[in-house]
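S.K.: Sequence:
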Amino acid sequence: MTSDKQTLRTCPNGHSYYKSSDCPTCPVCESQRKPESGFLSGLSAPARRALENNGITTLEALARLSRKELLSFHGMGKASLPILEEALKQYGFKFREL
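Our numbering numbers the first residue of the sequence shown as 39 and each following residue consecutively.
Bear in mind the hints are in silico, worked out from the structure with no lab data behind them. Since we're looking at a predicted model, the values are computed, not measured. By construction, the Cβ of each residue, glycine as well, lies at the ideal position given by its N, Cα and C atoms. Hints may contain errors.
[Said to hold, decoys possible] Each pair of labels, with its calculated beta carbon distance range:
hint, residue 1, residue 2, range
1, Pro120, Thr95, 14 to 24 Å
2, Gln128, Arg47, 34 to 44 Å
3, Lys132, Thr95, 29 to 39 Å
4, Thr95, Leu46, 27 to 37 Å
[Unchecked claim] Derived pair list, reagent style DSS-like, types lysine-lysine, alpha-carbon separation capped at 30 Å:
hint, residue 1, residue 2
5, Lys116, Lys127
6, Lys43, Lys72
7, Lys127, Lys106
8, Lys132, Lys57
9, Lys72, Lys116
10, Lys127, Lys43
11, Lys106, Lys132
12, Lys106, Lys72
13, Lys116, Lys43
14, Lys116, Lys132
15, Lys57, Lys72
16, Lys132, Lys72
17, Lys106, Lys116
18, Lys43, Lys57
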(Lines of atoms letter the chains of each structure in order from A and count residues from 1; the text may use other names and numbers.)
(Lines give C-alpha, C1' and ligand atoms only; values in the text may rest on other atoms or scores of the structure.)
Protein backbone atom coordinates (compact mmCIF):
# COMPACT_ATOMS: atom_id res chain seq x y z
CA MET A 1 0.00 0.00 0.00
CA THR A 2 1.27 3.48 -0.84
CA SER A 3 0.41 6.89 0.53
CA ASP A 4 -1.36 9.48 -1.59
CA LYS A 5 1.88 11.44 -1.96
CA GLN A 6 3.88 8.61 -3.52
CA THR A 7 4.30 8.41 -7.26
CA LEU A 8 5.04 5.38 -9.37
CA ARG A 9 8.36 5.68 -11.16
CA THR A 10 10.39 3.54 -13.50
CA CYS A 11 14.19 3.69 -13.58
CA PRO A 12 16.26 3.43 -16.79
CA ASN A 13 16.77 -0.28 -16.00
CA GLY A 14 13.00 -0.88 -16.05
CA HIS A 15 12.39 -1.28 -12.30
CA SER A 16 9.08 0.15 -11.06
CA TYR A 17 8.97 1.65 -7.58
CA TYR A 18 7.07 4.24 -5.53
CA LYS A 19 8.70 7.37 -4.10
CA SER A 20 7.34 10.29 -2.14
CA SER A 21 10.48 12.45 -2.41
CA ASP A 22 12.31 13.99 -5.36
CA CYS A 23 15.16 11.51 -4.89
CA PRO A 24 15.80 9.83 -8.26
CA THR A 25 17.52 6.77 -6.78
CA CYS A 26 15.92 3.45 -7.67
CA PRO A 27 15.77 1.25 -4.55
CA VAL A 28 16.01 -1.93 -6.63
CA CYS A 29 19.17 -0.80 -8.42
CA GLU A 30 20.60 0.46 -5.14
CA SER A 31 20.10 -2.88 -3.39
CA GLN A 32 21.72 -4.70 -6.32
CA ARG A 33 24.87 -2.59 -6.16
CA LYS A 34 25.36 -2.89 -2.39
CA PRO A 35 28.80 -4.39 -1.67
CA GLU A 36 28.81 -7.83 -0.07
CA SER A 37 31.92 -7.11 1.99
CA GLY A 38 34.11 -4.26 3.14
CA PHE A 39 33.30 -1.27 5.29
CA LEU A 40 30.76 0.13 2.82
CA SER A 41 28.66 -3.04 3.06
CA GLY A 42 27.53 -2.25 6.62
CA LEU A 43 26.15 1.19 5.79
CA SER A 44 22.72 2.37 4.71
CA ALA A 45 22.40 3.28 1.05
CA PRO A 46 22.33 7.07 1.72
CA ALA A 47 25.46 6.87 3.87
CA ARG A 48 27.24 4.69 1.32
CA ARG A 49 26.35 7.11 -1.49
CA ALA A 50 27.50 10.05 0.65
CA LEU A 51 30.96 8.50 0.91
CA GLU A 52 31.11 7.38 -2.71
CA ASN A 53 29.97 10.79 -3.98
CA ASN A 54 32.82 12.36 -2.02
CA GLY A 55 35.43 9.91 -3.30
CA ILE A 56 35.73 7.98 -0.02
CA THR A 57 36.01 4.33 -1.03
CA THR A 58 38.94 3.16 1.12
CA LEU A 59 39.63 3.16 4.85
CA GLU A 60 42.74 5.23 4.21
CA ALA A 61 40.62 7.95 2.60
CA LEU A 62 38.07 7.68 5.42
CA ALA A 63 40.80 8.14 8.05
CA ARG A 64 41.69 11.52 6.50
CA LEU A 65 38.30 12.87 7.62
CA SER A 66 37.12 14.11 10.99
CA ARG A 67 33.74 13.09 12.37
CA LYS A 68 32.51 16.64 11.77
CA GLU A 69 33.59 16.58 8.12
CA LEU A 70 31.95 13.21 7.64
CA LEU A 71 28.65 14.36 9.13
CA SER A 72 28.62 17.34 6.76
CA PHE A 73 28.09 15.00 3.79
CA HIS A 74 24.52 14.88 2.54
CA GLY A 75 23.12 11.46 3.46
CA MET A 76 25.56 10.74 6.29
CA GLY A 77 24.06 10.41 9.76
CA LYS A 78 25.27 9.79 13.29
CA ALA A 79 24.14 6.15 13.18
CA SER A 80 26.91 5.41 10.66
CA LEU A 81 29.73 6.70 12.87
CA PRO A 82 30.03 3.61 15.14
CA ILE A 83 30.08 1.31 12.09
CA LEU A 84 32.81 3.36 10.45
CA GLU A 85 34.81 3.76 13.67
CA GLU A 86 34.81 -0.01 14.17
CA ALA A 87 35.96 -0.60 10.59
CA LEU A 88 38.79 1.91 11.03
CA LYS A 89 39.79 0.40 14.37
CA GLN A 90 40.01 -3.12 12.91
CA TYR A 91 42.75 -1.92 10.57
CA GLY A 92 44.57 0.39 12.95
CA PHE A 93 43.06 3.64 11.73
CA LYS A 94 40.97 6.34 13.37
CA PHE A 95 39.19 9.52 12.33
CA ARG A 96 41.30 12.66 11.97
CA GLU A 97 41.21 14.82 15.06
CA LEU A 98 40.46 18.53 14.65
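S.K.: All the hints need checking, so say for each whether the structure fits it.
M.R.: Now the hints, each set against the structure:
no., hint, result
1, Pro120 <-> Thr95: 14 to 24 Å, "holds, 20 Å"
2, Gln128 <-> Arg47: 34 to 44 Å, "holds, 38 Å"
3, Lys132 <-> Thr95: 29 to 39 Å, "violated, 18 Å"
4, Thr95 <-> Leu46: 27 to 37 Å, "holds, 33 Å"
5, Lys116 <-> Lys127, "holds, 17 Å"
6, Lys43 <-> Lys72, "holds, 28 Å"
7, Lys127 <-> Lys106, "holds, 18 Å"
8, Lys132 <-> Lys57, "violated, 37 Å"
9, Lys72 <-> Lys116, "holds, 20 Å"
10, Lys127 <-> Lys43, "violated, 43 Å"
11, Lys106 <-> Lys132, "holds, 13 Å"
12, Lys106 <-> Lys72, "holds, 25 Å"
13, Lys116 <-> Lys43, "holds, 28 Å"
14, Lys116 <-> Lys132, "holds, 16 Å"
15, Lys57 <-> Lys72, "holds, 20 Å"
16, Lys132 <-> Lys72, "holds, 24 Å"
17, Lys106 <-> Lys116, "holds, 10 Å"
18, Lys43 <-> Lys57, "holds, 8 Å"
Hints 3, 8, 10 from the list above are not met by this structure, while the remaining hints are.
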